[in-house]
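Peer 1: So the chains spell out like this:
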Amino acid sequence: MTPIAPQEFWLLLPEMVLAIFGMALLIAGTMGRGIGSRMAAVASLVGLAVATILVVWTQGQATMGAPILAGMFVLDGYALYWKVLFLIATALTVFLSVRVIEEGGYRAGEYYSLLLLATTGMMLMVSGFNLLSIWISLELMALSSYILVGYFKHERRSNEASLKYFVLGALSSGILLYGISLLYGATNTLALPELSRSLAQAILHGDLLSAVGWVLLAVGLFFKVSAAPFHVWTPDVYVGAPTPVTGYLAVASKAASFAILVRIFYQGLAPLVIDWQIVVAAVATLSMIWGNIAALTQTNVKRMLAYSSIAHAGYILLGVLAANETGLWALMFYLLAYTFFTLGAFGTVVLLERREYAGETVSDYAGLARRAPFLAACMLIFLLALTGLPPTGGFFGKVYLFAAAIEAGWTWVAVIGVLTSAISLYYYMSIVVQMYLKDSEETTPVLMRAPGLALAIGFCAVVTVILGLLPGIFVDLAKSSILPLAWNLL
Amino acid sequence: MFDWVLQVPILSIICYLPLAGAVIIMLFMRGTNNLAIQRFATMVVAIDFVVSVPLWFAFERQGELFQFRESANWIEAVGARYEFGVDGIAVLLVLLTTFLGVAAVLSSWSAIQVREKEYYIFMLLLQTGMLGVFMAMDFFLFYVFWEVMLVPMYFLIGIWGGPRRLYAAIKFFLYTLVGSVLMLLGILALYFYNSTGLMGWGGLGNPRSFFIPQFHEISSQIPPDLQFWIFLVFFVGFAIKVPMFPFHTWLPDAHVEAPTAGSVILAGVLLKMGTYGFVRFSLPILPAATIRLLPWLAGLSIVGILYGALVAMAQKDMKKLVAYSSVSHLGFVMLGIFSLNTAGINGGVLQMINHGLSTGALFLLVGVIYERRHTRMIADYGGISSEMPLFATIFMVITLSSIGLPTLNGFIGEFTILVGVFNRTWWWALLAVIGIVLGAAYMLWMYQRVFFGPLKNPENKGLDDLNGRELAYLLPIVAMCFWIGLYPKPFFEIMEKPVDYIVQKVDPEYAAAVADDGEPSADADLVAEVED
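One line per chain: the protein sequences are A and B, in this order. Here our numbering runs 4 ahead of the position in the first sequence, where the first position is 1. Here our numbering runs 1192 ahead of the position in the second sequence, where the first position is 1.
Since the hints were derived computationally from the structure, they do not count as laboratory data. Virtual Cβ for every residue (Gly too), placed ideally from N, Cα, C. The reader is advised that the hints may include incorrect statements.
Here are the computed lysine to aspartate or glutamate pairs in the EDC-like style, where the Cα-Cα straight-line distance is at most 20 Å [to be verified]:
no.: 1; chain 1: B; residue 1: K1309; chain 2: A; residue 2: E143
no.: 2; chain 1: B; residue 1: K1508; chain 2: B; residue 2: D1572
no.: 3; chain 1: B; residue 1: K1653; chain 2: B; residue 2: E1579
no.: 4; chain 1: B; residue 1: K1648; chain 2: B; residue 2: D1692
no.: 5; chain 1: A; residue 1: K168; chain 2: A; residue 2: E198
no.: 6; chain 1: A; residue 1: K442; chain 2: B; residue 2: E1308
no.: 7; chain 1: A; residue 1: K483; chain 2: B; residue 2: E1268
no.: 8; chain 1: B; residue 1: K1648; chain 2: B; residue 2: E1701
no.: 9; chain 1: B; residue 1: K1689; chain 2: B; residue 2: D1509
Per label pair, the in silico range of CB-to-CB distance [stated by the list, open to error]:
no.: 10; chain 1: B; residue 1: P1405; chain 2: A; residue 2: A174; range: 40 to 50 Å
no.: 11; chain 1: A; residue 1: G413; chain 2: B; residue 2: P1700; range: 24 to 34 Å
no.: 12; chain 1: A; residue 1: V277; chain 2: B; residue 2: A1705; range: 49 to 59 Å
no.: 13; chain 1: B; residue 1: F1220; chain 2: A; residue 2: A174; range: 51 to 61 Å
no.: 14; chain 1: B; residue 1: E1262; chain 2: A; residue 2: S484; range: 28 to 38 Å
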């Protein structure tokens, strides 16, 4: 075991700072009358900003790609890209949360504290280079999310969602851990690079133990990214959770799970690429078909977005499936764009939602184009992006996810992908129909007065369009920070 | 006189002028009255048309294949570039788009009474999308315009359409989207085959690029089996757009429900994007597959001609009749293109323009009378020629143009197509001729029932004849019909080079045979006769 140099700890400074902010908020929330939602939000944003600066700073400090802290973590371009992405997603979630938490009447400190701790977990996880450190970070993220989902503790739906999420989440974590333990039994290591080397040996002997191990590991990860058939928790949790939390789960949690799925599959399970490609192809196909078809009949926007999130897990899995450079950067680019347009879409739900859960059914959007043309236009952009139509980042990202699959010879999966994505037009357009094509009886704008949130939504819309028209620099960014394709090195 | 055109990025100006207009309306015309928005939008499309006219004069008939080139970096990471350029065929289609755009916007003044501001914004965005499709020389850019354009059209049908507008709008959107996403897979397959390679097919190792002439260049290197698959997905994309039988079912719904201007643009320009796709991509890039599938392609075209005509004959609604006549006419265009020789493609391209003019005008005319009587049922009319003599005259001219009477544009197009088709396989032409006869039958029968006979319905008494604004957008179309009918030579001249190029690409043996003769072959002679 290599000795740990003290300065290596500094490389995890962003995570430490974020954890400190999180815990400080927790304490502040319990003292006296607690901390107000706005104050806590500002504090969280400061924490996130400091963490972002530190992430950029660590880039200059480390030898990129070298394992640190006894091989538990690694600091490479891949990890840095995702860390920044998680921080952005969390910051946007904070903007979504301010008014909701304020009006919910619950203690604000705990909420933001959990948000920051979940983000800390994500950031640690994506740096993880050992299945043990990955699992622990994953649990930090998951446990924080369970509580966040049940944050409206007097709401029955919120409770139900939290419990469901917890039970199924714990089950999946158990499966994941069991898979890890079997892999350990088969290979005698948990570090990703060594795991990959041992597996290369193991497959030569047709080892059953490691096969069961990696399949269970994969199942646990598919659960986290909400891919079918491991998606059953998604709709209920998405509907029951406070809307900003739903957005956070749909974006940050999903992105983090994909980030680590890719790292494990590409670096740890690299020798098994032929095997796991078949599994990924099946799961991706099922997710795209089931997610899109089930979304067709939904009338609750959050539920619809939940199924759409399952479908998106399917599209994004195409990038994993391709197992080539295009797939990898397309996946990273797509999740970047997805962050903005999905959180934007949830933001509009939040804005409409204020009066007793109004704004959750599709028909609440009736005549929105007249009542709030700006908001409707933004929502239109988000829906076009979700469908994958230009000029949005959703279009460009999706094109390259499909492109990667075609390049890798998985044409039939790409065909299913484009056809199901055409189906998705139908349900996304049902919201557009309400906004633009129907008139509502209400004439007064019912929107929440939340200038910060409106600004955040506008920002998301602008970024979505920029990512669609000028994706170049972001593609370069993703390309420069992709993982080395491990099987090329083997 | 038109040299300045070469000094400025003329294509970008034409393409984005409507977009700029839409943005101005969106941002700066808050609370402005509808009349001002109307006038402003009309001014924008009119200026756009005026700016596009110099293309006709400055385009060198014998010069480079693609002219007015604009080239800039766009998404370097994937090799997509901002490439604009037009050949003779695209020039004609760009002019058709700007020309019909003016007519469509003018016709909306009275037809659109609600949510005018949004209407004109979508109308202008649609113009930009369509123009971009015809100008793009980069496949990725092309695809962006191709899809972007669906959104405003969806809104035009969905907001200002008839009673079943929601159904028609989503049907239109879904059909075309299914086609275009499949086409996208074909584009990507070409892209990878040209560069790093497709798993299982290998690749050519060229730099990553979406540049369309690059794909033309490698056409002979693409293995026929790969060509076959790419052709199939392209075919779905383009055939839905054209629409070819059996992909046509969205068209009657969309046409009947769309507002008049929407139908004009739909029939006049949108459908041409499909035929343009065949001419620009399928034929020259995938020649082996084209020839392999030729009997099927021609068969579907012929079925479309006959089926469209027969169904049109049974229609009681004028707009639906015109819609089905489009299926038949577009079948003609496709058959001409699939004859894969100079005369056929010449005729096909010219007929694209002709169909845009005459069917566009028919929709405008139906719109005129619909605004007065709020019905499109043929049975509600009869004998109105006495009330609206001017209207009846123009309707007659356009009807005759549509059925292909000599001295009018339809004749030139159909005749040239038949010459080409006859040269390919004589009995295809025989079947196609039946379509012409049927076309004359349903159009004249409709005309007779609407305009002649006694004026039975009292509501039709005292209908106003065409007003100045209506004449202003109808007469130029009539003039164009006569121009093409009497002196089509300039039109054949401008498309000569690109058509030769396509024939050369898709059927080099035929092209070589023509060249060996040292003089134009039999069908070229016939074309020459027609031209004179």
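Peer 1: Looking at the structure, which of the earlier hints fail to hold?
Peer 2: Hints 1, 4, 5, 8, 9 and 10 contradicted; others consistent.
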